[in-house]
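Those letters in the sequence shown? Residues 13 to 348, by our numbering.
Just so you know, these hints were derived from the structure itself, not from any lab.
For every residue, glycine included, the Cβ atom is placed at its ideal position computed from N, Cα and C.
Wrong hints could be hidden among the right ones.
Simulated pairs of lysine to aspartate or glutamate, EDC-like, Cα-Cα distance not exceeding 16 Å [stated by the list, open to error]: (1) Lys39 / Glu23; (2) Lys172 / Glu59; (3) Lys128 / Glu294; (4) Lys128 / Glu48; (5) Lys39 / Asp259; (6) Lys39 / Asp82; (7) Lys39 / Asp171; (8) Lys128 / Glu281; (9) Lys39 / Asp126; (10) Lys39 / Glu214; (11) Lys128 / Asp259.
Estimated spans, in silico, between C-beta atoms of each pair [as the list claims (entries may be wrong)]: (12) Ile58 / Asp105: 48 to 54 Å; (13) Arg155 / Asp334: 39 to 45 Å; (14) Asp336 / Pro208: 29 to 35 Å; (15) Glu64 / Arg106: 15 to 21 Å.
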Amino acid sequence: MQEDESETLSEIYLAGGCFWGTQAFMKRLPGVVECEVGYASGSTSIERPTYEQVCGGATGCAETVRVIYDRRVISLSLLLRAYFTTIDPTSVDRQGADAGSQYRTAIFWTRPDDEKTVRAALSELGEQLSSRTGARVAVQASRLGSFWPAEDYHQDYLDKHPGGYCHVDLDGARRFVEDHRRDFQIVAGGYTRPQPDAIASELDETAFRVTQNADTEPPFSSPLEHVFDPGIYVDRVTGEPLFSSRDKFDAGCGWPSFSQPIATSVLTEHRDSSIPGMARTEVRSDVGDSHLGHVFDDGPRDRGGLRYCINGAALEFIPLADMDARGYGYLRDAVV
13 MQEDESETLS EIYLAGGCFW GTQAFMKRLP GVVECEVGYA SGSTSIERPT YEQVCGGATG
73 CAETVRVIYD RRVISLSLLL RAYFTTIDPT SVDRQGADAG SQYRTAIFWT RPDDEKTVRA
133 ALSELGEQLS SRTGARVAVQ ASRLGSFWPA EDYHQDYLDK HPGGYCHVDL DGARRFVEDH
193 RRDFQIVAGG YTRPQPDAIA SELDETAFRV TQNADTEPPF SSPLEHVFDP GIYVDRVTGE
253 PLFSSRDKFD AGCGWPSFSQ PIATSVLTEH RDSSIPGMAR TEVRSDVGDS HLGHVFDDGP
313 RDRGGLRYCI NGAALEFIPL ADMDARGYGY LRDAVV
């Protein structure tokens, strides 16, 4: 049965500098159904802060956009990736030409389940920045305290004043959608995480220990290590597509290895310090939150230099010949 729209709508609050540009950008994304600008999470006793009071610095509020989106069209992980393209995540109290604490970057959630997604996205962003420039992420993250809608004058400002001040490249929304076409297709596939008792009953012992307890299968134990037939590899728990045979290679390490995921938003990355003195980057599936393995920077240079070292027990292989029948025909271009 098709889910009612009211059951698939979620909200997230994004502070990204001047809220005029952030709102205009978000409205251009598929699946975003409503945006409202306002002032969030200040330490003020003022009943309803005004723009002048917020800009004066006395309220501690951040210019923020309330984004309501349809999870059937765009996931929170994908939405946050789009948001990151609109900000300088290392800048403190400044975005574009605007300076002041009201222009700080922040993500505020209202659903408890969203906290893990937000923190995973920021952790992954932090790992990327650290490896490239050594910079640190300055984006704040917390549960929403208060939110006051801004004055009518500020709502949909750039719709009312085309060509008005905007620190965001609005055409970047179109480019983001084009660059993440496959991500949007996968979200539309409607993959969901089963209830814990269903996961326990469906998985064998090894798959359960790997995906749910972050265990590691013995090297050279998975039949999938030696599979190089055309097809895709999906999350054993949810069926979410994760990797393509086109990106698989023989690393000789004892586990299935890939140079990249099938789409950028299907994986989340987390710092793993479980082995003393050995910092690693754990890879988990986005929808199922299944432990998959780790990613290393010793992969083939001609393929980008990464090696996703994945437990075969966490994956199911769907041969190209079966993809249409199994509902994955929309990903044939990722294989052939």
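Here's how the hints hold up against the structure:
For a cut-off of 16 Å, the pair hint linking Lys39 to Glu23 stands: about 13 Å separates their Cα positions. Restraint check for Lys172 and Glu59: the C-alpha separation of about 28 Å exceeds 16 Å, so the hint is violated. With a CA separation close to 15 Å, the supplied pair Lys128 and Glu294 stays within the 16 Å bound. Restraint check for Lys128 and Glu48: not satisfied, since their Cα atoms lie roughly 24 Å apart, outside the 16 Å limit.
Simply put, Lys39 and Asp259 have alpha-carbon atoms about 34 Å apart, too far for the 16 Å limit, and the pair is violated. Proposed proximity of Lys39 and Asp82 is supported: the alpha carbons are some 12 Å apart, at most 16 Å. Of the pairs offered as hints, the one joining Lys39 and Asp171 holds, with about 11 Å between alpha carbons and a cut-off of 16 Å not exceeded. Proposed proximity of Lys128 and Glu281 is supported: the alpha carbons are some 12 Å apart, at most 16 Å.
The hinted pair formed by Lys39 and Asp126 fails the criterion: a straight-line CA distance of about 21 Å is larger than 16 Å. With a C-alpha separation of about 40 Å, the suggested pair Lys39 and Glu214 falls outside the 16 Å cut-off, and the hint is violated. With a C-alpha separation of about 28 Å, the suggested pairing of Lys128 with Asp259 is violated against the 16 Å cut-off. The beta-carbon spacing between Ile58 and Asp105, approximately 20 Å, falls outside the hinted interval of 48 to 54 Å.
Between Arg155 and Asp334 the CB atoms are about 43 Å apart, so this pair conforms to the stated range of 39 to 45 Å. About 32 Å separates the C-beta atoms of Asp336 and Pro208, a value consistent with the hinted range of 29 to 35 Å. The beta-carbon spacing between Glu64 and Arg106, approximately 20 Å, falls within the hinted interval of 15 to 21 Å.
Hint violations for this structure: numbers 2, 4, 5, 9, 10, 11 and 12, all remaining hints satisfied.
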